[in-house]
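*Asks:* What follows is each chain in one-letter form.
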Amino acid sequence: MAGQMVMELKYDRSLHDKEFPAGPFEVTKQQVRAFAKSVGETNPVFLDETAARDAGYRNVAAPPTFCTLLIDGLALPDIGLKFGRLQAQAGSRVRLLATVVAGDHLTASSRLKDVYPKTGRSGAMVFCLWEHTFRNQDGQVVAEITQSFARRE
Amino acid sequence: MTLLSFDEVELGDEIGPVETEATDEAVLAFCRAWGGMHRIPNRFTDPKIARENGQAEPIVPGVMALAMMSRVLTEWAGVGSIKDLDAVFRQPVPHNQSITIAGTIIDTRREDGENLVECDVLMTGTQGERFVTAKAVLALPSQAHA
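Those protein sequences? They're chains C and A, same order as listed. For what it's worth, my numbering labels the leading residue of the first sequence as 1, then goes sequentially. For what it's worth, my numbering labels the leading residue of the second sequence as 154, then goes sequentially.
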């Protein structure tokens, strides 16, 4: 198949069977507002507590992709991949199931989903996929996020 | 605010295009909001650190580009409308350059009691660079609930 390559990948395969929990993380008004402003959000439900309450939220609502900010703080293990030095984000899928609001306490559960090689115009790469499920303090799933990273030489 | 309703949307309708930009200041503000794990300066804010990480210059973080895309979708369809946003980061997104975000409706359907709109979304540069491509599914209110 085009783009596929035969490569013996060396990494810690035992991680596939493990779940990595993290949190709770308190969602603060300050972080929600700072995030919203930095990406140009102007809807007052993301910025103003009164407007958010008038719209039916308990507090300022977090913009949809807020949980992606938390992923780098999940302290995930190094998978020990013996390939490449440079890493960049290749993709991100965010499935949203409930709105996060300031004051929520979120927990995360992460799993290593896949590690696979591919070749592109820039040469060989190895993709690592992690899946993260975020829940609020009521146990409700608020977001399911899949992130892929490409490692290259 | 008047909400867009499902009955107003048709296949082929366009979202945007919206011209925007991620300035150095905005990326710095984003990294500050990102939290303590992203010390500043970092590869997204500092040219030297970017070069050490194989980049010609600091770029816009992927999660920031994703958030900019979600902003445009939310401005079009309303808060809480995004159900699924699936993005591929195809090229580094530069700072301080005009970026266009646009979408096209490719499907509308009623599913499990929801009015769903599916769209292709693109983040492009002034030279036609396709920085980020995405598919999104949005839930819209019906006319009766608008």
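Hints were generated in silico from the structure; no laboratory data involved. The reader is advised that the hints may include incorrect statements.
To be verified - The list that follows gives simulated cross-link-like pairs (lysine-lysine, DSBU-like), each with its CA atoms no further than 35 Å apart:
#1 C:118 <-> A:288
#2 C:37 <-> C:82
#3 C:118 <-> C:82
#4 C:118 <-> A:236
#5 C:113 <-> A:288
#6 C:10 <-> C:113
#7 A:288 <-> C:82
#8 A:201 <-> C:10
#9 A:236 <-> C:29
#10 C:29 <-> C:18
#11 A:236 <-> C:37
#12 C:113 <-> A:236
#13 C:18 <-> C:113
#14 C:29 <-> C:82
#15 C:118 <-> A:201
#16 C:37 <-> A:288
#17 A:201 <-> C:29
#18 A:201 <-> C:82
#19 C:113 <-> C:37
#20 A:288 <-> C:29
#21 A:201 <-> A:236
#22 A:201 <-> C:113
#23 A:288 <-> C:10
#24 C:18 <-> C:82
#25 A:288 <-> C:18
#26 C:18 <-> A:236
#27 C:29 <-> C:118
#28 C:37 <-> A:201
*Asks:* Hints first: check each against the structure and report whether it holds.
*Replies:* Results of checking the hints against the structure:
1. C:118 <-> A:288: Answer holds: residue 118 of chain C to residue 288 of chain A is near 22 Å, not above 35 Å.
2. C:37 <-> C:82: Violated. Residue 37 of chain C to residue 82 of chain C sits at ~39 Å, over the 35 Å cutoff.
3. C:118 <-> C:82: holds (15 Å)
4. C:118 <-> A:236: Distance of about 29 Å is within 35 Å: holds.
5. C:113 <-> A:288: Holds: residue 113 of chain C and residue 288 of chain A sit about 21 Å apart, inside 35 Å.
6. C:10 <-> C:113: holds (16 Å)
7. A:288 <-> C:82: With Cα atoms ~32 Å apart, residue 288 of chain A and residue 82 of chain C stay inside 35 Å; holds.
8. A:201 <-> C:10: This hinted pair holds, its Cα atoms lying about 31 Å apart.
9. A:236 <-> C:29: Given that 35 Å is the threshold and the Cα spacing comes to 23 Å, the pair holds.
10. C:29 <-> C:18: With a Cα-Cα distance of about 33 Å, the restraint between residue 29 of chain C and residue 18 of chain C holds, given a limit of 35 Å.
11. A:236 <-> C:37: holds (22 Å)
12. C:113 <-> A:236: Distance of about 21 Å is within 35 Å: holds.
13. C:18 <-> C:113: Since the Cα atoms of residue 18 of chain C and residue 113 of chain C sit roughly 10 Å apart, the hinted pair holds (cutoff 35 Å).
14. C:29 <-> C:82: Roughly 41 Å between the alpha carbons, so the hint for residue 29 of chain C and residue 82 of chain C is violated.
15. C:118 <-> A:201: holds (29 Å)
16. C:37 <-> A:288: This hinted pair holds, its Cα atoms lying about 24 Å apart.
17. A:201 <-> C:29: Between residue 201 of chain A and residue 29 of chain C the Cα gap is close to 33 Å, so the pair holds against 35 Å.
18. A:201 <-> C:82: Cα-Cα ~26 Å, so holds.
19. C:113 <-> C:37: holds (33 Å)
20. A:288 <-> C:29: holds (29 Å)
21. A:201 <-> A:236: violated (38 Å)
22. A:201 <-> C:113: holds (33 Å)
23. A:288 <-> C:10: holds (33 Å)
24. C:18 <-> C:82: It holds: about 20 Å lies between the C-alpha atoms, which stays within 35 Å.
25. A:288 <-> C:18: holds (30 Å)
26. C:18 <-> A:236: holds (27 Å)
27. C:29 <-> C:118: Violated, because 41 Å separates the two Cα atoms, which is more than 35 Å.
28. C:37 <-> A:201: holds (27 Å)
Hint check: violations occur at hints 2, 14, 21 and 27; the rest are consistent with the structure.
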